[in-house]
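Novice: Those protein sequences? They're chains A and B, same order as listed.
Take the first sequence: its position 309, counting from 1, is numbered 309 in the numbering used here, and each next residue is one higher.
Take the second sequence: its position 258, counting from 1, is numbered 258 in the numbering used here, and each next residue is one higher.
I should point out that these hints are in silico values taken from the structure, not numbers from a laboratory.
No incorrect hints appear here.
Quick list of the computed label-pair ranges, beta carbon to beta carbon:
#, chain 1, residue 1, chain 2, residue 2, range
1, B, Q26, A, L424, 47 to 55 Å
2, B, V253, A, A152, 34 to 42 Å
3, A, E34, B, G151, 32 to 40 Å
4, A, A152, B, D111, 57 to 65 Å
Computed from a prediction, not measured in an experiment: that's the story for all the values here.
Ideal Cβ positions, reconstructed from N, Cα and C, are used throughout, including at glycine.
This is what each chain is made of:
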Amino acid sequence: MKRLLAPLTSLRLTVTLLALGIAVVFFGTLAQTEDGLYVAQSRYFRSWFSTWSPHDPSLKWIIVPLPGGYLLGTSLLVNLIAAHLVRFKFAWKKTGIILSHLGIIVLLVGQLATDMFAHESRISFAEGEWRNYSEDFQETELVFLSDLPDPAMNSVVAIPDSLLKIGEEIRTEPLPFTIRVKEWMPNSDPTFQPPMMQRTNTPQTSLGIGRSFTFRSVKETRKMDDKNIPSALLELVATNGTSLGTWAISEWAGESDLQRTARRFWVRAFSGAGTDEQLQDALPEYYPMTARIYQQLIVPQSVTVGGRSYSFTLRPRRYYQPFSIKLLQTKHETYAGTSTAADPEGIPKHFQSRVLVDHPRDGKREADIYMNNPLRYAGLTFFQYQMGQDEAAANRGTSTLQVVKNPSWLTPYLGCVLVALGLLVQFGIHLNGFLRKPRA
Amino acid sequence: MRFRPCLAVLMASTLAGVGCKKAEIQVYQAPKDSAVTAAASPAGATAAESRPERPPWQVPEGWTEKPRESGSMRIASYGISATDGRSADVSVVPLGPVAGGELDNVNRWRDQLHLAPITQAELDSQTGSAAIGSVTGKLYDMVGTEPTLDGKYKARTLAAVLSLGGTTVFFKMTGEDALVSENRPKFLAWLKSVDTGDSAGSSTSSPSSPSSATPPSTAPATTAPPAAMAGPVTPPPATGLPEWEVPDGWKPVQASTMRLASFAVGNGGDLSVVALGPAAGGTLANVNRWRGQMGLAPIGAEDIAGNTTKVQLEGDAQAVVAELDGTGATAGRKMLAAIVARPDRTWFYKLTGDAALVSGEHDRFVKFLKSVKY
Chain A
1 MKRLLAPLTS LRLTVTLLAL GIAVVFFGTL AQTEDGLYVA QSRYFRSWFS
51 TWSPHDPSLK WIIVPLPGGY LLGTSLLVNL IAAHLVRFKF AWKKTGIILS
101 HLGIIVLLVG QLATDMFAHE SRISFAEGEW RNYSEDFQET ELVFLSDLPD
151 PAMNSVVAIP DSLLKIGEEI RTEPLPFTIR VKEWMPNSDP TFQPPMMQRT
201 NTPQTSLGIG RSFTFRSVKE TRKMDDKNIP SALLELVATN GTSLGTWAIS
251 EWAGESDLQR TARRFWVRAF SGAGTDEQLQ DALPEYYPMT ARIYQQLIVP
301 QSVTVGGRSY SFTLRPRRYY QPFSIKLLQT KHETYAGTST AADPEGIPKH
351 FQSRVLVDHP RDGKREADIY MNNPLRYAGL TFFQYQMGQD EAAANRGTST
401 LQVVKNPSWL TPYLGCVLVA LGLLVQFGIH LNGFLRKPRA
Chain B
1 MRFRPCLAVL MASTLAGVGC KKAEIQVYQA PKDSAVTAAA SPAGATAAES
51 RPERPPWQVP EGWTEKPRES GSMRIASYGI SATDGRSADV SVVPLGPVAG
101 GELDNVNRWR DQLHLAPITQ AELDSQTGSA AIGSVTGKLY DMVGTEPTLD
151 GKYKARTLAA VLSLGGTTVF FKMTGEDALV SENRPKFLAW LKSVDTGDSA
201 GSSTSSPSSP SSATPPSTAP ATTAPPAAMA GPVTPPPATG LPEWEVPDGW
251 KPVQASTMRL ASFAVGNGGD LSVVALGPAA GGTLANVNRW RGQMGLAPIG
301 AEDIAGNTTK VQLEGDAQAV VAELDGTGAT AGRKMLAAIV ARPDRTWFYK
351 LTGDAALVSG EHDRFVKFLK SVKY
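Isolated chain B, as found in the complex:
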């Protein structure tokens, strides 16, 4: 039986193999994911930047900070408790500009206290004001009529709302009626101590608002992003709208959600400006997406140079421009689209309209691209 050793070796080796599946660091070369180079981020330049670690307010005595819960919208929570077991909860929640209407919010809080909803007229008569830092916010005070807490205590909610540019911040204390009333002076003092900083006041003075990053002379107010895009979701200042010169005959119009800016060009032409992340699919994928929109077949990587032109922009920027004539459903239409890959963003400029109109706007489109200063 000569095959015995062979079998033994086979078995031993399979068994040994099971035991040593070890992860190792790999070093290799791979094609880049997109045409956009992974350049140093602006964050790298500001590495030394640091922020104070204290909250921008003074925590009143007797309030204890609560640990934050995962996924919670609260940026701070405090607990207040009396020796006899009564308690109250203080929270700070920042939301975007579309944080529901004032009446909706108040009625939501009333509902939590088992109170019937009120009308706008009633609300107006019940709205007070409170100083939140250097800004005046609205103050609502409501108390339940039934003992909803542990079956013996009535609940009270004291809420202050700060509207700051695109951000709405809710400061709320809710808990046992007497304890909340007792803490009302502390709550008001706490609101007063909030450091609203330079960003207080109107939205135009907010340092991170994209509208302020754009000089009014070159981009009229209507090109500013809609409210839903400002506020807590504004990009860092370095990535706001660039400066550009709007050619004659281009009229800024209200931009839709994905767009940073929109222009009406001539009769029926539409130009959009969209900025996406640095990994926005790469030139080929985007050119093919546009080709698809114009009813054209996709092209391969080898055909990209033959189907696009390059435009040198100010500084080191370069635009890849595709000129696409529609076929089928889009016959008679034309698209002029450009991609500008920046280290932090990929910018898309797209002009669509009647073939004659778009052809006629070609030079102005290129001039516009060249006027953009990132």
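The shape of chain A in the complex, shown without the other chains:
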């Protein structure tokens, strides 16, 4: 057994792995400039292997093979544990080293657990609104909603966007039809078809929102602050083979927060405003009509099969919570004099949300959430993330909270404490030995 493990215990391996770790961090950081944080993270750190190439097309032939973050982390863990297994001999004077190494193991395993189990989502609401779910930042889901005997409840079938690939046929038990994915656009723009022109163009579909809008695929964004907004064309086919029509679905229609973005997008398109300043000038004139356009984007879509109606939409993936949270009040302070035409909101100084949490078991509780003062509740951490104004009802504040679920959030603290304690103990033992030496 020892002979088998011996090559894994090598200190040279440790040094090589650490050096490779530096290289991965270096190339992963370089890649972030073009790929953005999320893509770089998954390609270089949440992977077993990866390759790096310069972004300059003429230098694309340079390919640097790299180990992925998972491979490095696992190898370091194996190396460390194997070394202890092979050389382990308990002695009091080594307590510190053992403790420090245990701390490093806790850090490594904790990070792996964070990667596997931690999850970020957000809650977006306006003052006075309740939410009992949070929404994913990136992932979307196709949902089919149908009525239940309880009029306040819906039966929900949620299909994650990762299953919506072109040509895919999805058949799932509670739905009496098959979903054929005819088109999937990971990022898309809605083009409005004025009624007078609706006969003019070849529509993607003549049903629902497809009557007034066509959706076009656009280049996927990788910027931190931007978001991909997917759309798809689906055909629903009943079990007897009859088509229930081809429908366009889009996150533009299923995500209420996109209203502002979409309406500004149309103002830009109608007015031809290029710069932000021109856009600000054009807003008062063009903004009102965009409300009507938006109304047509969010018309409900549904099919009726066997007397039961199924409405459907593409929305950010939801995570329902056993409690509800209500936004009571928002405070939004900016530094005086920082508001400009291009950025009328100015530079934020203090964002604060007062919320009311209502849990059927624990009762009600009010809390303030602001920078460096998150709310920790029911295994979740709520951070203040964004703030704004409800465009439809001026003066009503809106707030977005980042909701982080990380069951292993304590492991980095524990790991660091163990490493520090181990070092203290080790130095203490040495110091003790030194002081006890008879003086010459």
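Following the hints, complete the assembly by docking chain B onto the known chain A.
Specialist: What follows is chain B alone, placed relative to chain A:
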């Protein structure tokens, strides 16, 4: 060393866990987002509806269709090219009624040809006309004085503008001077071939104009939405203004942007009609929004029934009515507000004014609500 197998198992299981993060279809029950039920959309009923796939005009010979660009306002683009590399571009862009003034547009086109702007008087003398389908549109012809194309050719722009109800459609051919002149007859023939259909003529005959969905007898012209809301942004006919009977003493006034209709009620009272999408926040959120406007504290879902009354309307519709007395800054004021959730829209009727006035109008408000036929 008894713990070895344990460690091995731990490691193996963590590694295995990394590999299998798989997305799955979930089936669950969840509370509805709002009080509005997700009923079948009117679109479902018209599923068989289809539209011709050809453009409503005849494309002249020698014009090649160009693929559409994302985000482009063009609904059609054609390219014309001569064998020696000269080219011209034809575009069709529909815009709303507020598509900039006529003079602004012409001067924008002139600017593209490096020509100095002109005045309204000059414009009037340079404006021609062209038959666009069954309608007469305006025609502008302008030619650059410098060789701006590839440094050797002068550019010319031929533009026709069709004003149709709330929509303005721009038909424009721009490119090398001689080639555009050569194609002028084709351009005019193309304009003539445009199928302007039944919607040609005045805005009142537009089938999707909300003003035509409202009989004039019940809603005078002033209650029609302002121009900015008509035209290319009109809702589908099924969701136009409903019919209603206006009580005595209520005077229709010009509606603002968010409102579909406004009435002046008595001395200083204001009634607004606003329609939003089906997911307009739900009854509780809206009642609390109103409470906020009147300086009242929000209430919980359990208190909603005690703080509102229900009014049965014609058909299956039901209105939730809140009667709110102002406090603090709004003391002495009163609000009477109703939400009517329809499958396609949520309707809001709100009467505000002096407490005495609003109390006195209560019965008429309810009668008005009952008179609405969606």
